[in-house]
Amino acid sequence: MERADIARALRRIAHEIMERNHGAGDIVLVGIHTRGVPLARRLADAIGEIESVEVPLGSLDIGLYRDDLASRPAPVLGHTAMPVGIDGRTIVLVDDVLFTGRTIRAALDALVDFGRPARVQLAVLVDRGHRELPIRADYVGKNLPTSFKERVTVHLEETDREEGVWIEKRAEVAL
Amino acid sequence: MRHLLSMEGVERAVIEGLLDDGDEFLEVLDRPIPKVPTLRGKTVATMFFEPSTRTRLSFEKAAKSLSADTMSFSPGTSSLSKGESLKDTVLTIQAMGVDLMVVRHAATGAPWRVADWVDVPVVNGGDGAHQHPTQALLDALTIRQRFTTLDGVRVGIVGDIRHSRVARSNVWAFAALGAEVTLVAPPTLLPLDATTWPAATTSDLDDVLTELDAVYLLRVQKERGGASVFPSLAEYTARFGMTVERFNRLKPDAVVLHPGPMNRGVEISARVADDPRALVLDQVRNGVAVRMAVLYQLLGGERDE
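If you read the protein sequences in the order shown, they are chains A and B. Here the first sequence stands for residues 1 to 175, numbered as in my numbering. Here the second sequence stands for residues 1001 to 1305, numbered as in my numbering.
Keep in mind the hints are simulated off the structure, nothing from the lab. There could be a bad hint or two in this list.
In silico lysine to any residue, SDA-like type, Cα no more than 20 Å apart, as pairs [unchecked claim]:
1) B/1064 <-> A/142
2) B/1035 <-> A/83
3) A/142 <-> A/12
Stretch-level coverage of chain B by chain A, calculated; a stretch enters the list once three of its residues show a Cβ under 8 Å from a Cβ in chain A [unchecked claim]:
4) 1010-1022
5) 1028-1041
6) 1293-1299
Yeah, the Cβ is synthetic: ideal placement off N, Cα and C, and Gly gets one too.
Construct the complete structure from the given sequences, taking the supplied hints into account.
Written out as structure tokens, the structure is:
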């Protein structure tokens, strides 16, 4: 995917979120660190252009909810911020790549510590398959069928100073 | 980092990593449910061979906020009073199944001995007049919150430096982070090796008072012979106490720290202690957060090096 493809996909997802939820009234966009955070901001901007509303934006670091702390170094923590109460709201979690589903599982656990949303939806730029948990996305920028051994790299201007999605063969199988 | 025993020689990047995580844990402590599942199934033993209230409670709160279980140990109620050795005690507790030990002991070096004997990470919760690294971390975080950095911040540490593990830890942490540290004490209460510390020394608080951004008041340790090392408490207050008069001469944005428990009217006047620029309660709150950061990093897997 190139810059223009990413922009088109996000614009479509913004429309789909509006359509599915009959507007932006109850919505809170919550980006998952690292690249879900800028993606959530872009979605908020796109929704703002369509409906002239300001959608509340949150960010979530799921490092503290991982299930593999003992087997890898403690990850550096990103910033978590929930600007509004989430009770009764529609939360749209935003991430760059949906893979095993473990990150989303952790994000759901984190979210319920902040309150009881009416519903939680998931938007991802890329769904690459290989789920290990019963989790699916509500909004998908692009389905990318991949081999488990491949690596999907998403780079965004805000975090990487370049923009695009690549599939690479892994030099060695780390998993 | 396998253990956290001392602040001496710890690199700036390591300290900053702990403070950065501490900032994030402050956010966790502000949540509606101030608890994360990170250390579920882990057990933290707080082994305080010397009395303590705040440090032990702070470590226990930190462990519980990360969903670890805690076991505590205090000397009065233990087999120590039946003559069990330190080594037998810690090996017994390790055999029950613990993942990390916090050790406080009146004897300098005791946590290092424990770290040699056991297979789990050890955190020094204060050993004699030697080191108290998590105190240094929470103090550094408190100052950093006020000034956004410690680079170039002028910190005076005032009081009985010689008998203070807080001073011995803080001076290294502050200096590593770029602060300019001045030790302020009567000549008899400066450590004999103070020339090897990364700090200037003086015996005249009033001489440096107006240049300081942060004044760190050490507690007069009556239990370690505190009162007997000065002619009188009144004289101590007159020369080294943070009186209202001295407080009013500080820079307008200068802050006052104290590790607690405070002797109001001795090293700090009651009115100063209750002023918003006295950060004592911020220090306590930050203590829980930095101890969460320490437990989190020590109980993570090994870093690839």
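Consistency of the hints with the structure:
1. Of the supplied pair hints, the one linking residue 1064 of chain B and residue 142 of chain A is violated, its CA atoms being roughly 42 Å apart against a limit of 20 Å.
2. Restraint check for residue 1035 of chain B and residue 83 of chain A: the C-alpha separation of about 19 Å stays at or below 20 Å, so the hint holds.
3. Pair hint residue 142 of chain A plus residue 12 of chain A holds up; C-alpha atoms about 11 Å apart against a cutoff of 20 Å.
4. Only when three residues or more bring their CB closer than 8 Å to a CB of chain A does the claim for the region 1010-1022 of chain B stand; here the count is 3, and the claim holds.
5. Counting residues of the region 1028-1041 of chain B whose CB lies closer than 8 Å to any CB of chain A gives 9, so the stated coverage by that chain holds, three being the minimum.
6. Counting residues of the region 1293-1299 of chain B whose CB falls under 8 Å from any CB of chain A gives 3; the rule of at least 3 is met.
In this structure, the one hint that does not hold is number 1.
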